[in-house]
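Those sequence lines, one after another, are chains A and B. The letter at position 166 of the first sequence is residue 166 when you use this note's numbering, and the numbering goes up by one with no holes. The letter at position 137 of the second sequence is residue 137 when you use this note's numbering, and the numbering goes up by one with no holes.
If you're looking for bench data, these hints aren't it; they were derived computationally from the structure. One thing to keep in mind: the hints can contain errors.
To be verified - Restraint-style ranges between C-beta atoms, simulated for each label pair: (1) B:Gln-184 x A:Phe-393: 26 to 36 Å; (2) B:Gln-184 x A:Ala-253: 18 to 28 Å; (3) B:Arg-34 x A:Asn-36: 45 to 55 Å; (4) A:Asn-408 x B:Lys-89: 52 to 62 Å; (5) B:Lys-54 x A:Ser-83: 25 to 35 Å; (6) A:Asn-36 x B:Asp-27: 30 to 40 Å.
C-beta atoms are modelled at their ideal positions from N, C-alpha and C, and glycine is treated no differently.
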Amino acid sequence: MLPLDKLPQWLEKVSAEHGIDTEKIIMCLGVDLDMNASFGEMWLVLSENKLYRFEISCNGVQTGGVHNPESVTMTCFLTEELSEYTIDNFVSSNRFVAKRGDDTVIIAYATNAKKQKLFAFMEILERTLKGETVTEEDQIFEQFNKFCPKCGRPYNDAKRKLCLSCLDKGAIYKRLLKYFAPFKMNLAVVFLGIVIQSVSSVLTPYLSGEFLYNQVLNPAGEFAGNILLGVGLVYGMGVIYTLAMIIRARANADMSAGMTMNMKSDIFSAMQKLSLSYFNNNQTGRLITRVGYDSERIRVFLVGTLPALMVHLFEFVVAAVMMFLINWKLSIIVFLPVPVIVVFVKKSFPKLWKSFTMRWRKSSSLNAMLGDSLSGIRVIKTFAKEDSETFRFSGYVNAHSKANLKVNALRLMIFPTIGILMSISVQAIWGFGGFMVMGDTINYGEFLTFISYTTMILNPIIFFTNVSETFTDMANSAQRMFEVLDAVPEITEIENPVSLPDMKGKIELKNVSFSYNPNRPILKNINMTIQPGTSIGLVGHTGAGKSTIANLITRLYDVNSGTICIDGVDIKDIEIQTLRKKMAVVSQETFLFRGTIADNIRYGRPDASEEEVISAAKAANAHDFIINLPSGYETMVGVGARSLSGGEQQRISIARALILDPAVLILDEATAAMDTETERLIQEALARLVKGRTTITIAHRLSTLKDCSVLYAIENGEIAESGSHSELIEKKGIYYKLYTLQSQAMKKIIGC
Amino acid sequence: MAENMVLDIENQDLEEKLFEPSRISIDLTPENIRFMRSPGNLISVDFTNHKGEKEFLERVVIFRSFPITNPDEFISVREPDSKKMGRGKEIGMIRRLSDFDEETVALINEELDRRYFSPTILKIRSIKEKFGYTYWDVNTTSGNVTFVLNNPFSNIRILEDGRIFISDMDGNIFQIPDTKKLDQQSFKKIEIYL
Numbered sequence: 001m002l003p004l005d006k007l008p009q010w011l012e013k014v015s016a017e018h019g020i021d022t023e024k025i026i027m028c029l030g031v032d033l034d035m036n037a038s039f040g041e042m043w044l045v046l047s048e049n050k051l052y053r054f055e056i057s058c059n060g061v062q063t064g065g066v067h068n069p070e071s072v073t074m075t076c077f078l079t080e081e082l083s084e085y086t087i088d089n090f091v092s093s094n095r096f097v098a099k100r101g102d103d104t105v106i107i108a109y110a111t112n113a114k115k116q117k118l119f120a121f122m123e124i125l126e127r128t129l130k131g132e133t134v135t136e137e138d139q140i141f142e143q144f145n146k147f148c149p150k151c152g153r154p155y156n157d158a159k160r161k162l163c164l165s166c167l168d169k170g171a172i173y174k175r176l177l178k179y180f181a182p183f184k185m186n187l188a189v190v191f192l193g194i195v196i197q198s199v200s201s202v203l204t205p206y207l208s209g210e211f212l213y214n215q216v217l218n219p220a221g222e223f224a225g226n227i228l229l230g231v232g233l234v235y236g237m238g239v240i241y242t243l244a245m246i247i248r249a250r251a252n253a254d255m256s257a258g259m260t261m262n263m264k265s266d267i268f269s270a271m272q273k274l275s276l277s278y279f280n281n282n283q284t285g286r287l288i289t290r291v292g293y294d295s296e297r298i299r300v301f302l303v304g305t306l307p308a309l310m311v312h313l314f315e316f317v318v319a320a321v322m323m324f325l326i327n328w329k330l331s332i333i334v335f336l337p338v339p340v341i342v343v344f345v346k347k348s349f350p351k352l353w354k355s356f357t358m359r360w361r362k363s364s365s366l367n368a369m370l371g372d373s374l375s376g377i378r379v380i381k382t383f384a385k386e387d388s389e390t391f392r393f394s395g396y397v398n399a400h401s402k403a404n405l406k407v408n409a410l411r412l413m414i415f416p417t418i419g420i421l422m423s424i425s426v427q428a429i430w431g432f433g434g435f436m437v438m439g440d441t442i443n444y445g446e447f448l449t450f451i452s453y454t455t456m457i458l459n460p461i462i463f464f465t466n467v468s469e470t471f472t473d474m475a476n477s478a479q480r481m482f483e484v485l486d487a488v489p490e491i492t493e494i495e496n497p498v499s500l501p502d503m504k505g506k507i508e509l510k511n512v513s514f515s516y517n518p519n520r521p522i523l524k525n526i527n528m529t530i531q532p533g534t535s536i537g538l539v540g541h542t543g544a545g546k547s548t549i550a551n552l553i554t555r556l557y558d559v560n561s562g563t564i565c566i567d568g569v570d571i572k573d574i575e576i577q578t579l580r581k582k583m584a585v586v587s588q589e590t591f592l593f594r595g596t597i598a599d600n601i602r603y604g605r606p607d608a609s610e611e612e613v614i615s616a617a618k619a620a621n622a623h624d625f626i627i628n629l630p631s632g633y634e635t636m637v638g639v640g641a642r643s644l645s646g647g648e649q650q651r652i653s654i655a656r657a658l659i660l661d662p663a664v665l666i667l668d669e670a671t672a673a674m675d676t677e678t679e680r681l682i683q684e685a686l687a688r689l690v691k692g693r694t695t696i697t698i699a700h701r702l703s704t705l706k707d708c709s710v711l712y713a714i715e716n717g718e719i720a721e722s723g724s725h726s727e728l729i730e731k732k733g734i735y736y737k738l739y740t741l742q743s744q745a746m747k748k749i750i751g752c
Numbered sequence: 001m002a003e004n005m006v007l008d009i010e011n012q013d014l015e016e017k018l019f020e021p022s023r024i025s026i027d028l029t030p031e032n033i034r035f036m037r038s039p040g041n042l043i044s045v046d047f048t049n050h051k052g053e054k055e056f057l058e059r060v061v062i063f064r065s066f067p068i069t070n071p072d073e074f075i076s077v078r079e080p081d082s083k084k085m086g087r088g089k090e091i092g093m094i095r096r097l098s099d100f101d102e103e104t105v106a107l108i109n110e111e112l113d114r115r116y117f118s119p120t121i122l123k124i125r126s127i128k129e130k131f132g133y134t135y136w137d138v139n140t141t142s143g144n145v146t147f148v149l150n151n152p153f154s155n156i157r158i159l160e161d162g163r164i165f166i167s168d169m170d171g172n173i174f175q176i177p178d179t180k181k182l183d184q185q186s187f188k189k190i191e192i193y194l
């Protein structure tokens, strides 16, 4: 049986009762809706040429799957009677239907949780019907059996790609600690600083209380009358404490800057390696948050919380021990209100965190609104919506200020209350201690020391009560960071890839099929051979699959089935660097990076000389306008710098492609947004560029394709027709239709 | 180039045939369309198309234009998508569902309810957060379910009228019509995300 879903035991029994040979079952799938499309359970079983559906009814919904169904209704479909399998995507569910004769029948419903498996079921069904034998090793099952790249164990949930065994907290901390490795010296200094700081802060109460009063100010003391020594020691401790703090903070700052840098560049370089599809599935905004916010949080934890934890722990232990040594009865009084404080903090702090989160949410939606309306300011002005935008803004500001008010109200309630609770023990100590001093069971110096330790012990308690929150927060950030670092690019190079330094540019597509979404195939069985040095054109409607062919040839995506060969070598065996260096794409979407024009032109080949930059610009018909700019080739362009017109940007991107001297050139609607004059300039430039290269031109405007030797008309993901311009005109097919459509439009303009 | 581009078509009929769209969306009224339950429990239609011809379609699919705020108006009736032909074309629009007789409305609503199936949360039993994912255990109008959100702040949509739509990791959508009507315990659990 194919590894889709496992046949449950009760179903095995039921199947046998219906006379199904369980040995012959090809695959089965459990879905989570019933035939009324509400929560329930059904099973599909494919066995030989029969497709069985088991509808299960039981009392209420049983979570975790049905174990003991009350009754089972079986429906049997003969696969030879069914055709045109389709899955309708609903909002939260999917309907699997097929044609039976003239009718359409419903096979099953499933929620989106089962969507992937339902599609796989349909695909296997279709392939089996075509006579293909699908084996357990088939590619289709890979999506369900993803393994953690770290430990090799399967993910608990393939979609989440989160290995719980690799991401338990211990493992996270271990991995994070590696970021300390390059900073061993700093770490040592920080550690030493912490020790000195803790020791001096623990010693101070002793010196300013016990020592000053009993040994210096007491006439019977060892250093009686030596006030300078007493005060000097206390002051000296203060100086040592401050010095240790400064040195530690210095080393810490150094280390934290370096660590953030390392984390950010790790995340960034991991992201750069990921395939395009990763970026389609993740919002850019979230990715930016990951690089910035998460690494910042981790840094704060590593260099802020962790040392503070050590200091507090040390202070707490020493202070507690000292207090018990001085007077255990008083110590018990100190600790009496502690449970109350802990309970209060546990109860009230979550509320405070909640209010912080709410304020953060309000401020981020305020920022989002602000960014949105500022970047859309042109539209706002053209529609004269300034007032309503201002009104909308005041709504967000209002919500934010309310949230802020709540934070402050809570803060003003919580912290004074803690202060009062803490002062109970301090007051009690003053009271009891006062009596004890008067009764001489404790002397005044010891008593002062004791009081100082009391305050030293309460702050760590509050810190410990909350530290778990900080740990969880940090663990979440770290987990998100590792998720990016561990993500495996979908496009990978094989071991020992072929490099083609002298790529000729012969491109062959053999039975290529591709889809972004299994329900809507983009390309179906495409076959084409492009001879080196020739120029071909792709025409067709928007969404016909033209640009997808370009994406596959440049290997931004991998084909679902079939092969693409360049100079006879499978594209998957070719070094990715070679592909990027020897193939250039000029698309409608031009993007100039922030930098000079020259830098933008030599983006693909940073070592290109100034001479080469100029000749590329000349060939791209860009030289004349560049030279007229105030700083010539050194004019800054890109976001926030000088804005160039669409045609100018386009010509710069053509120069960028030209400087690579590529063997294969892909022009994806490169001139679609240009006016006729600009297009003429660019066409001229392109005519120079395509000489001696394999060129693939994708265009709506047929005049763009006049130099192509072979034209392919793509429709619905298939090559509908191919041939030269005159051959296609004679065919009176799609190309003819497009051609007449465009010439009719032209006729109207010139008024014939 | 301009001269080359102009191709004379003498045959006017051929030209018309070439550029004629295969289907033009029409306003659907009880006079020009009849909805029927197909033998496979789907919806078939008998209708008069834009050319005035009678047509029968064994299966149509039905969509709402404003599923959230105006579910009973602007209903789009379309041919289903197919692997061969790509995206299905629109047959027409129903301006107001109430223009049709009760039986038809019930039939159409049954189909629409399936398409826009999104359970209403009645009670939140628990929300647990682990490694940035929140695990929800809820009672809904269609039974008890557990689901996972990967980022509660971007996957909970709050409408101006106070309705809430939650989309989980699989893309399933759950709704809460009014958070104030939830019991105290449930509200406390979800409050932080609002």
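#### Entry: Numbers of unmet hints, in rising order
2, 3
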